[in-house]
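Using our numbering, the first residue of the sequence shown is number 156, and each one after it goes up by one.
Just so you know, the hints here were simulated from the structure itself, not pulled from any lab data.
Treat the hints with care, since some could be wrong.
[Unchecked claim] Simulated restraints, written as ranges between beta carbons of each label pair:
#1 258 with 168: 14 to 24 Å
#2 238 with 258: 17 to 27 Å
#3 258 with 173: 15 to 25 Å
#4 197 with 252: 16 to 26 Å
#5 186 with 234: 34 to 44 Å
#6 185 with 160: 16 to 26 Å
#7 260 with 186: 30 to 40 Å
#8 239 with 190: 36 to 46 Å
#9 168 with 230: 12 to 22 Å
Where a beta carbon is used, it is the ideal one built from N, C-alpha and C, also for glycine.
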Amino acid sequence: MREVAVLGVGMTPFGISEKSQVEMFAEAATEAIEASNIKPKDIEAVYVGNVLGDFEEGQMNIAPMCTAELGIPPHVPSTRVEGACASGSIAIRNAFIWVASGFCDIVLAGGTERAM
156 MREVAVLGVG
166 MTPFGISEKS
176 QVEMFAEAAT
186 EAIEASNIKP
196 KDIEAVYVGN
206 VLGDFEEGQM
216 NIAPMCTAEL
226 GIPPHVPSTR
236 VEGACASGSI
246 AIRNAFIWVA
256 SGFCDIVLAG
266 GTERAM
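Input sequences plus hints: build the corresponding full structure.
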């Protein structure tokens with residue numbers, strides 16, 4: 156198993172927001188991408204932890220929408236994972252597995268929610 160490192164992190168402010176879940180994910184992900192000195196084209200997979208996408212966005216799988224918002228090429232696999240309050244952690248775990256196994260070198264992972 157290969158060693159895995161977190162290259163950058165990002166987050167949005169806590170509290171009520173008028174932004175969509177996709178916009179909030181893109182804001183935090185952009186911060187992480189800039190901190191890591193990588194380019195969106197270098198990302199090989201995306202995991203988005205999300206529970207309420209179908210209620211808030213009218214879209215059950217918001218991962219491809221998040222990927223498109225960031226300018227990541229459309230052929231890059233983008234997967235929504237759900238595990239209630241652990242959804243973001245599951246996304247990070249899956250990214251770890253893909254990098255540790257050697258399947259990918261750079262994976263973007265995070266979570267987004269906009270509570271009703």
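Here's how the hints hold up against the structure:
| no. | hint | result |
| --- | --- | --- |
| 1 | 258 with 168: 14 to 24 Å | violated, 34 Å |
| 2 | 238 with 258: 17 to 27 Å | holds, 21 Å |
| 3 | 258 with 173: 15 to 25 Å | violated, 38 Å |
| 4 | 197 with 252: 16 to 26 Å | holds, 19 Å |
| 5 | 186 with 234: 34 to 44 Å | violated, 21 Å |
| 6 | 185 with 160: 16 to 26 Å | holds, 20 Å |
| 7 | 260 with 186: 30 to 40 Å | violated, 21 Å |
| 8 | 239 with 190: 36 to 46 Å | violated, 28 Å |
| 9 | 168 with 230: 12 to 22 Å | violated, 33 Å |
This entry does not satisfy hints 1, 3, 5, 7, 8, 9, going by the numbered hints stated previously.
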